[in-house]
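Asker: For chain A, the structure is supplied; the task is to place chain B on it using the hints.
So the protein sequences, as listed, match chains A and B. Read left to right, the first sequence gives residues 15 to 245 (our numbering). Read left to right, the second sequence gives residues 15 to 245 (our numbering).
Among the hints, erroneous ones may be present.
For identical chains, the list gives no copy identity; a pair is met inside one copy or between any two copies.
Pairs of lysine-lysine residues, derived as DSS-like cross-links and limited to a Cα-Cα distance of at most 27 Å, are as follows [what the hints assert, rightly or not]:
# : residue 1 : residue 2
1 : K59       : K34
2 : K101      : K207
3 : K140      : K101
Simulated from the structure, these hints should not be mistaken for laboratory data.
What follows is each chain in one-letter form.
Protein chains: 2
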Amino acid sequence: MAPGLRADAIVTDVGSVKGKVIELVAPHLDMRRFVPGHPVAGTEKSGPAAAIDRLFENRWCILAPQAVTDADATEQVAALWRALGSKVELMEPAHHDKVLAITSHLPHLLAYNIVNTADDLEGVLKGEVLKYAAGGFTDFTRIAASDPTMWRDVFLHNKTAVLEIVGRYIEDLTALQRAIRWDEAEVLFERFKSAQAIRREVVRAGQAYKRVPSGRYQRDGSARQLSQTLS
Amino acid sequence: MAPGLRADAIVTDVGSVKGKVIELVAPHLDMRRFVPGHPVAGTEKSGPAAAIDRLFENRWCILAPQAVTDADATEQVAALWRALGSKVELMEPAHHDKVLAITSHLPHLLAYNIVNTADDLEGVLKGEVLKYAAGGFTDFTRIAASDPTMWRDVFLHNKTAVLEIVGRYIEDLTALQRAIRWDEAEVLFERFKSAQAIRREVVRAGQAYKRVPSGRYQRDGSARQLSQTLS
Chain A
15 MAPGLRADAI VTDVGSVKGK VIELVAPHLD MRRFVPGHPV AGTEKSGPAA
65 AIDRLFENRW CILAPQAVTD ADATEQVAAL WRALGSKVEL MEPAHHDKVL
115 AITSHLPHLL AYNIVNTADD LEGVLKGEVL KYAAGGFTDF TRIAASDPTM
165 WRDVFLHNKT AVLEIVGRYI EDLTALQRAI RWDEAEVLFE RFKSAQAIRR
215 EVVRAGQAYK RVPSGRYQRD GSARQLSQTL S
Chain B
15 MAPGLRADAI VTDVGSVKGK VIELVAPHLD MRRFVPGHPV AGTEKSGPAA
65 AIDRLFENRW CILAPQAVTD ADATEQVAAL WRALGSKVEL MEPAHHDKVL
115 AITSHLPHLL AYNIVNTADD LEGVLKGEVL KYAAGGFTDF TRIAASDPTM
165 WRDVFLHNKT AVLEIVGRYI EDLTALQRAI RWDEAEVLFE RFKSAQAIRR
215 EVVRAGQAYK RVPSGRYQRD GSARQLSQTL S
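The following block holds chain A by itself, in its conformation from the complex (with noise of 0.2 Å):
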């Protein structure tokens, strides 16, 4: 399109990645008006039929801009969000991918696994995996429902900051492994508990969202509230 544009057009994008996406557009547009965004927001389903009103209230939206950004066209891109009701934050591309390695890409690429990992499982059938979900594996399948032709360009266009986050994993998993093989019960403790206090901050921080009947989210109240109980 860019041909198409006035001079002084301001042009953003809402990708999953943003170093990637400046490197493909950097060639074909001026970047002084160009404003690298990524709403965090939205769920598993695509499509119009999936559509949420309100879906930008209170969430993040994360505005990447260079130093040769215009200070204005940035302003400008941050109040349309801001309109929508979206907090709009301002992060170097690189770190932006980084965060959105852990908190977003990482938990998508576990999702898809465990799930193809049961289905590849002998001895136990597909039909008692599903029939048991609800012990945990549940959670796990909601994001493994999203679109896999875009995922699988969110991992390849974030390549070094999902290939370092994943190496941790692994590393940190055969850590429990390890330990379970070895019962290590003391190991196993640390690391759970650690994990149940950080829980609690997610929870505080207001980020644990619930469906509610009309199909809209909102924000967990209940949790909250039990995360002050255990607290």
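Answerer: Okay, now just chain B, sitting in the frame of chain A:
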């Protein structure tokens, strides 16, 4: 309690692991009257304040009688669970431990692990992880809030099945890691696509629960509807 029991008293349990419970109980009880049980229901919360009425309604309760178990004892325990609204399934103890390793124990281990991996990350602030947790991380943290003492024991008492499944999971995850490194787009797409299809079956199987404002759980009819729209 064994010395205080009537000779024909039926004993049952509700533990998450069955093989080890049988092994520990065997020296003390008349095994003809012991019916190992596991209601697959509950949340990450524990204690009386987290009680949910109708928790067992329409949920599976697995009973794992052995060859020596009296048929009438099994039937009486089954009747108890049915009276609470549960659907009862009989399963070999070793098979139970394998099915639960994939549907419940592995998901908990992965959830605990991602929370800790995130916490140890240099260059990414904890506050940032919490802020952008809605991108997928939140799903995993729910079960990471589960009781550390109980889960330490589950892993140590279901060691064989858990180590087998964790080994497979790491193997599969390493294959995805390799596919990302070598830009194997087709490998990623095929794995993600198959996971998405399995998720649809989970939803169809009616195991996707959502929390409603009262704090109770109810079946996620909207997810079922979506699955039908997509398929």
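Asker: Next step is simple, just say for each hint if it's right about the structure.
Answerer: Here's how the hints hold up against the structure:
no. : hint        : in the structure
1   : K59 / K34   : within (24 Å within a copy, 41 Å between copies)
2   : K101 / K207 : neither (32 Å within a copy, 33 Å between copies)
3   : K140 / K101 : between (42 Å within a copy, 19 Å between copies)
Violation of the numbered hints given earlier is confined to hint 2; every other hint is satisfied by the structure.
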